[in-house]
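Here's the letter readout for the chains.
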Amino acid sequence: MIINPDGTKPIYVQISEWIETEILNESFVQDEKVYSQYQLAEMMNINPATAAKGLTKLVEEEILYKKRGLGMFVASDAKDIILNKRKSNTLTKLVDDVVAEANHLDVSETELISMIQTSMSKLRGEKE
Amino acid sequence: MKAITCTHLTKSYGNKKAVNDLAVSIEENKITGVIGRNGAGKTTFLQLVAGFIKQSEGKIHVLGEPPFNSLKASANTIFINDTMNLPTSLTIYEILKMGNEFYPNWDMELAERLFDYFSLDRSQRHDRLSKGMKSTFNMIVGLASRCPLTIFDEPTTGMDASVRSDFYRALLKDYLAHPRTILLSSHHLNEIEELIEDVLLIKDGTNHLHVSVSDLKEYGIGVQGESTNLEAWLKGKDVFHKRELPMNKAYAVVKKEQLDPNYKQAGLEVAAVSATDMSMYLTGTSEGGIDDVFK
Amino acid sequence: MMMNIAILQLLVFIVLIGVIMFFIKRQKKMGLMTIKGRSHNWIFSIYLLALIVCTVIYFMIPSSDMTYSEPKSIEQSMEEEQELHDRLFSGDIAEASENLRNEFYFEFTEDVLIVKPTYQDNYYSGNILFERVEDFEDEVQVYLYSGNSYIDGFDFTDRIDPPSFVLEENELQVIERSSEISFAKLAQEFTLTQFSDRHSGNPFHTESSSYHGAYFVYIQVPMDVDVTSAYSDIELTEVK
Amino acid sequence: MMSLSEIGFWATVKRQFFFKVSSYKNAFSTLVVLQVLAILLSMGGTSSMGSGSTNVFVSVSYYSSSAVIVFSMIWCFITAILITTRAYRNDDFAFVTNRLTQNMANILFLLTASVIAAITANLSGYAVRVAAYALHGVEFVASPSLFNTPGEWLMSVSASFLYIFLLGSLGYILGTLTHLNRLFMFIIPAVFFGGMFTGAANDGFITQTVLFFNDETSFVLFMIKVIVTSSLLFILASWITNKTEVRL
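Chains as they are written, first to last, in the numbering used here: chain A, 1 to 128; chain B, 1001 to 1295; chain C, 2001 to 2240; chain D, 3001 to 3248.
A hint or two may mislead.
To be verified - Mimicking BS3-like on lysine-lysine, the simulated pairs with C-alpha atoms at most 27 Å apart in a straight line are: (1) LYS85(A) with LYS1256(B); (2) LYS9(A) with LYS1059(B); (3) LYS57(A) with LYS1255(B).
Note that these hints are calculated values from the structure, not bench results.
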């Protein structure tokens, strides 16, 4: 992974996202120890405090858990949490875009909702 | 424990105050980037920290005592600068050996390895080195001394890109192995952004902002839209930067916490601001940029 | 003369200071105003070695090549000369043989002997004495005595060519010959003379004292010969 | 975590001193050049006297290393000025020092330099004499007591050392004063050498100062005078420099 310092995303966010991806790829499995902040600093050429912040973010989201004196480990439902998070993030973004586009095209709210309902029933019909 | 604390720190040369009422406290074992425009007072501040010069007013404590004329501070501090004086009658290798004599934590093995890695000539003299080589050599002295307080003032002057990245990598690796307080000054943040933990922005000789790099990245937010809409929306907000764009549009940077949700109604778009840009806007002299010159 | 030396010294030092200042200006960060470049440890080592070799050589110089001198005061020299003067004026020439520099014997049949010394700057500094000797017959004996000459206690009397005498008719001419004497003296450094009694108060000037012994012309003539001088202002003394 | 190192005052002075000896070692090459120059000048005889009595002309050439000692004094003077210049002072701050240890190390260096210069200057006396012996086919006269006793040689070396060190302390204070004001750089040497050699200021301060040392016939008193004067000059210099800043 290459850190993009000019990016608008803070480095610690880039770090946590990278670890999430590694977990999704199953580079780290459940209860496996992940990189320490120093290993991350060394690997990514970043300040260890920044790496620690990235790890802390994952602990807060319960993707990782901390064993005192031993390091950070992958939580049992880490994969699900990541997937859920990404899903909701992606969906929210898409919805935002749809709303914005509808706004541009002067599509009213009820019109938009009915469009969504049509789309959903179409999907249901295909399944049946 | 704090490595450096200063209050009301002022250094004047004649009427000019190079450092003006600066207050800061820097924690131990952190890498802090000291960022500011040329002439903002970075070097003067670092010289005060190194005990090279004496403050005109205020207080400064480094590693527990005022650094000026303190033997303890001198033994535990090293100041690396591209104009630093080193004896020209000694070869650069002899200078390394001298450093070994003086600095208690000096790592001669590291010094020699770096020396060989950068293929420096042992019998060369400091004043005959090219600018880049000189900076490389100074950097080796700074790293090998392993001083609890290591100050690098614009250390990469004249270095080419690969040496530069080697230097930052070497600095990081040595810091990981031997954590210590490091001050790293630069006028552009982007180069050292990944490396440092905190940023001390110096403007007009004083502490303009002292935050962590991640906080700096989330400190401001860019807003873009129709000029008139933007103007109206900006009222009562702290604007760090503003510039006109084509088609009657404009771009402004404001404090992130002042981003009220009604920006969407005003037809404005937002985007994050990189730490480098943010530091530039913060240390800039005025709201306007170079564009104002061409109006 | 002294003024010129002072000006010369001043000039040398101004030039020296100028050169040094030039070096300081030019090499503001050189290895202490030196020839540029690498360390010159070997220069100093070679120099020190050369100095030690010279010291050894110095002590190997055969002592016969050197004359050692005891410092002698002017008063002492004058006293010695006064003694000589007194002896000669009392005719006690046997006692003065140490100071005899030259002697001449002439046949002489005239009645009057005219002594004609060489004038220098209209002045003759020597003493002329004569003695009428009873058993002298047609003869004149001339003895030349002089006091000792010293420079810094070094007796250089022997190195002076003493005047000689020529008898023409009845005129006894004194022929003076010029001598040029030069020698080297090993002086002590001012850092030593300062604390000895030879202190001169000027580190650039070694104190020297010189004394030139006077000449005494002692003429023995037969009883019936008159001795006069060629010049009226030269005094002749008869020893009785 | 890195623990802070405590460094003793004298340990620092010692390191600074060895640092100075090795980084200023080229100064000794300068000393060699100056002394050789002085030896060459002395070979013609430091002072020659013509004296005439009627037809006798006597000239005596004196051979001694007085000129070498004087040149060594000038060397120490200049060296002391040089090591007070900013370039050299700043070098020390690349390593561990404070202003007091820096001054102490400088004084120790000048002491060492003076001892070396005094010994070589006095040894050079033999070189001068050997050269005179070899080059001049002239009568050679020596005083019977000339350096025959080690005691006298030691006294000459000691007196030379004191003179050289005195000039070193003078150079050190003058160099330090030029820190305060650049004008001193030109005024002081001009006044000093002008006053010393023209004799213009016969009863002036400079002559009196020179005589204060040069007229002292007691070695012990001379030593005390030099030590007290040098100490005062160094204390003054240390006091002045205790507030100087390192400018880059």
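Exercise. Please write out, lowest number first, the hints stated earlier that are contradicted by the structure.
Key: Going through the list in order, the structure violates hint 2 alone and respects the others.
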